[in-house]
Amino acid sequence: MTKISRRGFFKLAGGATAALTQAPALVAQAAPAPTPAAHSGAALFFNPDEMRWIEAATERLIPEDDNGPGARAAGVPVYIDRQLAGAWGAGERLYRSGPWQPGDASQGYQLPFTPAELFRNALRGAREELQGRKQGAFETLPGPRQDLYLESLQNGKQDLHGVPAHVFFESLLALTIEGYFSDPVYGGNKDMASWKMIGFPGAYASFYDLVDQHGVAYTRAPISMGDNGAGVIHLHPVSTQHSGKRGA
Amino acid sequence: MATKLAEVDAVLVGVGLVGTMLGRELTRAGLKVVGLERGRPQFTVPDFQGPQMHDELRYSVRKGLMQDNTKEAVTFRNRADQVALPIRRWESFLPGTGLGGAAVHWNGQTYRFQDSDFRMRSLTTERYGARFADPGLTIQDWGVTAADMEPHYDRFEYLLGVSGLAGNIGGKKIAGGNPFEDARRRGYPTPPMKEPYGSALFRKAAAQQGYHPFPQPSSNLSQPYTNPEGMQLSTCMFCGYCERYACEHYAKSSPQTILLPVLLKDPHFTLRTQAQVLRINLSKDKRQATGVTYVDAAGREFEQPAKLVVLGSFALNNVRMLLLSGIGTPYDPRSGQGTVGRNYAYQTMSSVQVFFDEKTNINPFMRSGACGTVIADFVGDNFDHGPHKFIGGAYVGEVMTNGRPIEFHPTPPGTPSWGGKWKSAVVRHYNHTSVLNVHGSSMAHRANYLDLDPTYKDAWGLPLLRMTFDFPANDLRMSAYVTGKAVEIGRAMGARQVNGAGRKGPYTVTQYQTTHNTGGTVMGADRSTSVVNCYLQSWDVSNLFVIGASNFPQNASYNPTDTVGALAYMAAEAIVQRYLKSPGPMVQA
Ligand SMILES: Cc1cc2nc3c(=O)[nH]c(=O)nc-3n(C[C@H](O)[C@H](O)[C@H](O)COP(=O)(O)OP(=O)(O)OC[C@H]3O[C@@H](n4cnc5c(N)ncnc54)[C@H](O)[C@@H]3O)c2cc1C
Ligand code: SF4
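Listed in order, the protein sequences are those of chains A and B.
Residue numbering for the first sequence follows my numbering, starting at 1 and increasing by one per position.
Residue numbering for the second sequence follows my numbering, starting at 1001 and increasing by one per position.
None of these hints come from the bench; they were simulated from the model.
Be aware that one or more of the hints could be misleading.
Stated by the list, open to error - Calculated cross-link-like contacts (lysine-lysine; reagent style BS3-like; alpha-carbon spacing at most 25 Å):
id	chain 1	residue 1	chain 2	residue 2
1	B	Lys1581	B	Lys1307
2	A	Lys196	B	Lys1421
3	B	Lys1063	A	Lys190
Stated by the list, open to error - On the chain B side, residues computed to face chain A include the following (Cβ under 10 Å):
id	residue
4	Lys1063
5	Phe1076
6	Lys1194
7	Met1237
8	Cys1239
9	Thr1455
10	Tyr1507
Unchecked claim - For each label pair, taking beta carbons as the anchor points, the in silico distance ranges come out as:
id	chain 1	residue 1	chain 2	residue 2	range
11	B	Glu1301	A	Ser97	48 to 58 Å
12	A	Pro102	B	Gly1136	22 to 32 Å
13	A	Gly162	B	Val1083	16 to 26 Å
14	B	Arg1496	A	Pro102	41 to 51 Å
15	A	Asp227	B	Ala1147	49 to 59 Å
16	B	Ala1080	A	Ala137	48 to 58 Å
17	A	Ala42	B	Pro1046	32 to 42 Å
18	A	Ala42	B	Pro1413	36 to 46 Å
19	B	Arg1496	A	Val216	17 to 27 Å
20	A	Lys157	B	Ala1459	26 to 36 Å
21	A	Ala73	B	Arg1300	44 to 54 Å
22	A	Tyr218	B	Gln1232	22 to 32 Å
Here a beta-carbon is modelled for each residue, glycine too, at the ideal position from N, C-alpha and C.
Based on the sequences and whatever the hints tell you, model everything.
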């Protein structure tokens, strides 16, 4: 497979003509057959184009390998779709009053976009960026080319309909990691595969007897919140029988 | 128009840790007390139960138990010549809300400050000379000593049931405890927690290097305990969902487990939740508080008259409430005059990652909020600062709290931030990495302060609090030095690789450090440099008591809450035993 260095890519990215001459060779050698969407059911937020982009991108961020499933099989695109469709996507717990002004990095996120707006604008911008270069849609590029494009977002300041590319990338990566490692009830981490992969016990939470068995190999299967929908109630051994009046 | 309610003896602004404690002390003294809490009512059953409580996404990442910053945020800038912008998502610090306040979802790391913290200015001058500290630092004495505080620490720790090993009982040193602590009258109420693996490795390495490791004093209990209020606490399960979570097991000391049920049974006490206090009302001459104005969940406005007002709404909110109510003189960084908002300080944190081989199972998920082993050899003035160009210090410890993987998936430096190599590194290191904390002091500086923002407003149209803060150079030097020592200990733990560096500026609100915001309503003996006297009584309004970490003139190496609780008991004692007998200023200015 032709390897293309990062510097090479930036040269490519800089000039559409260069991209045109190089891209076909790469596609011919390394393009995987586009896989059908692995998500179950209808997307709540993404349109089909956006979903394909997200599926392809998240799979590059956390690829399938011998360690365990990639983001796609783990349901990360479903997770992101649901997050953006819900309250969090609409700006829950995001102080949203203006005036809006760019600040220093130390001042944190200052864009007027909700997460849903941010993704919608940035995805449109990213698609147009590649269209402008006549490279074909992101999801049809071979893996290494997809990585180079993701790197150009990660390190880039280009404007994706108002969203700086690196801000979009950071949000995408953060949501991908959330979806991969959060409880499966949110739609990602299918079969708790990521927890099994690293040995995290999940919602199970009682290690009093094990904590001082130093170095013990913990092999119990993880538990999801969904495995115990009825919940366990811990009743208090209530002891405050006396009234509030007590001598000081 | 506000509905005017009947006058009560005392009103509490905020029913978190301080509010609950003062509510109990004042009702016990026979006062009729109303507690106003802006957040929801919440209790161990049914609100804090598993498995729903073990949801990393909801509570750690989305900050499910924290102050709703769509309603109230804080604006921030590093320097006074910048435009402050709202902190649109909490990251660096996480103000709590709801009945019980931040003490519901704290870790429970429970330390006393030392005499050298309380008498920082005078002891620094005595030992190193008046010119030793950087000239911009506005450090000062608290007006109390460790000996004054001891009875109140003792009482608070027995309320919490703290698990620990004393190092100094009545001047007698005890092996295995903290040899640097000031004398305490008796040991901790419960023995130390079990020691996790990483902490044990730290203990050995630190001892080898000649330091004095001891178990971190913890309000996650090592065994069942009944406190003096008759409340029963249970044994901590090391559940790994502690910091940012409420405890389902009644094992973490919080208002709900140590005191609230007793207070709520008292007929003299009335709790109103979802009651957002907008301001403290004053008499015409501004010398007396007449009560407070609050808004309920449906937006209805009420005036609650009271003879006594206790402001215990968390450090940042205490400062803002005084500014919104026009109490005291706001600090002006140009002239150095004014006291409200002055001496805002924080905590100077860094960490060291210790990467082990694949045979060493650290099991980071078998942890609690406050388990672990620490050394105090570099705390405060426990070492000679003469050769160094800084004051203050840090404790170093292996005090990991969890292995929740969205936020905890350490990889060695040089690992890409995504892709196959990243994934393999996460798998390789997840269970074989330990983290050391370097928990450093924060010196007050003339350039760091709190005031009201000129632009941004809360949901009720009132100005947000504006924070102007950057790490003083002194604190960065301290952090570099102590973190270097921590790296050496990490190496001695038998690690393959150790990674860590001191805190770097500028301070950023995008990364969690601690919720140990301090100062702004500083206590002291001199009213030109303090907002409250040594009984936490407002110099300006004598029937107002302001209580919280906002009273700290600067922040010590240790976590603040033991000191907040001790101050609360100290103030309560002064109110009950002296103030109520003859209301008025307890200290003449
Ligand atoms: C994640 C986390 C971990 C922590 N870990 C530790 C630790 O390990 N060790 C340690 O020492 N400290 C720790 N702390 C700090 C500790 O929680 C605080 O020091 C302690 O809770 C302070 O008590 P307080 O009563 O001053 O404030 P709080 O307990 O926060 O109570 C203040 C209450 O006032 C209410 N309030 C505020 N404004 C208004 C208003 N306008 N009207 C009505 N009500 C209002 C709030 O809703 C809140 O309930 C931690 C904090 C956090 C967030
Ligand atoms: S770690 Fe212990 S104290 Fe903390 S929430 Fe879990 S059981 Fe409770």
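Tested hints:
1. Distance check on the hinted pair: Lys1581 (chain B) and Lys1307 (chain B) sit about 13 Å apart at the alpha-carbon level, within 25 Å; holds.
2. With a C-alpha separation of about 19 Å, the suggested pair Lys196 (chain A) and Lys1421 (chain B) falls inside the 25 Å cut-off, and the hint holds.
3. With a C-alpha separation of about 24 Å, the suggested pair Lys1063 (chain B) and Lys190 (chain A) falls inside the 25 Å cut-off, and the hint holds.
4. At its closest, the beta carbon of Lys1063 (chain B) sits 7 Å from a beta carbon of chain A; the interface hint therefore holds under the 10 Å criterion.
5. Annotation: interface hint on Phe1076 (chain B) holds; nearest CB of chain A at approximately 6 Å, less than 10 Å.
6. Taking 10 Å as the C-beta contact cut-off toward chain A, the hint placing Lys1194 (chain B) at the interface holds, the least distance being around 5 Å.
7. A cut of 10 Å between beta carbons decides the hint on Met1237 (chain B): the least distance to chain A is about 4 Å, and the hint holds.
8. Using the Cβ-Cβ criterion of 10 Å, the hint placing Cys1239 (chain B) at the interface with chain A is satisfied: the shortest such distance is roughly 4 Å.
9. Contact between Thr1455 (chain B) and chain A, as hinted, is supported at the beta carbon level, the nearest pair being about 7 Å apart and thus within 10 Å.
10. Because the beta carbon of Tyr1507 (chain B) sits about 6 Å from the nearest beta carbon in chain A, less than 10 Å, this interface hint is met.
11. The hinted range of 48 to 58 Å is not satisfied by Glu1301 (chain B) and Ser97 (chain A), whose Cβ atoms lie roughly 22 Å apart.
12. For the pair Pro102 (chain A) and Gly1136 (chain B), the beta carbons lie near 29 Å from each other, so the given range of 22 to 32 Å is met.
13. At about 20 Å, the CB distance of Gly162 (chain A) to Val1083 (chain B) agrees with the hint of 16 to 26 Å.
14. Distance hint check: the CB atoms of Arg1496 (chain B) and Pro102 (chain A) are about 42 Å apart, consistent with the given range 41 to 51 Å.
15. Remark: the range hint 49 to 59 Å for Asp227 (chain A) to Ala1147 (chain B) is upheld by a beta-carbon distance near 54 Å.
16. Evaluation of the 48 to 58 Å hint for Ala1080 (chain B) and Ala137 (chain A) yields a pass: the beta carbon distance comes to about 49 Å.
17. In this structure the hint that Ala42 (chain A) and Pro1046 (chain B) lie 32 to 42 Å apart at CB holds, the actual value being about 34 Å.
18. Between Ala42 (chain A) and Pro1413 (chain B) the beta carbons are some 43 Å apart, a value that agrees with the proposed interval 36 to 46 Å.
19. A beta carbon spacing of about 20 Å between Arg1496 (chain B) and Val216 (chain A) agrees with the range 17 to 27 Å that was offered as a hint.
20. In this structure the supplied range 26 to 36 Å holds for Lys157 (chain A) paired with Ala1459 (chain B), their Cβ-Cβ distance being about 34 Å.
21. Range check, Ala73 (chain A) to Arg1300 (chain B): about 52 Å between beta-carbon atoms, so the 44 to 54 Å window is met.
22. Checked against the hint of 22 to 32 Å, the pair Tyr218 (chain A) and Gln1232 (chain B) passes, with Cβ atoms roughly 30 Å apart.
The earlier numbered hint that this structure contradicts is number 11, and it is the only one.
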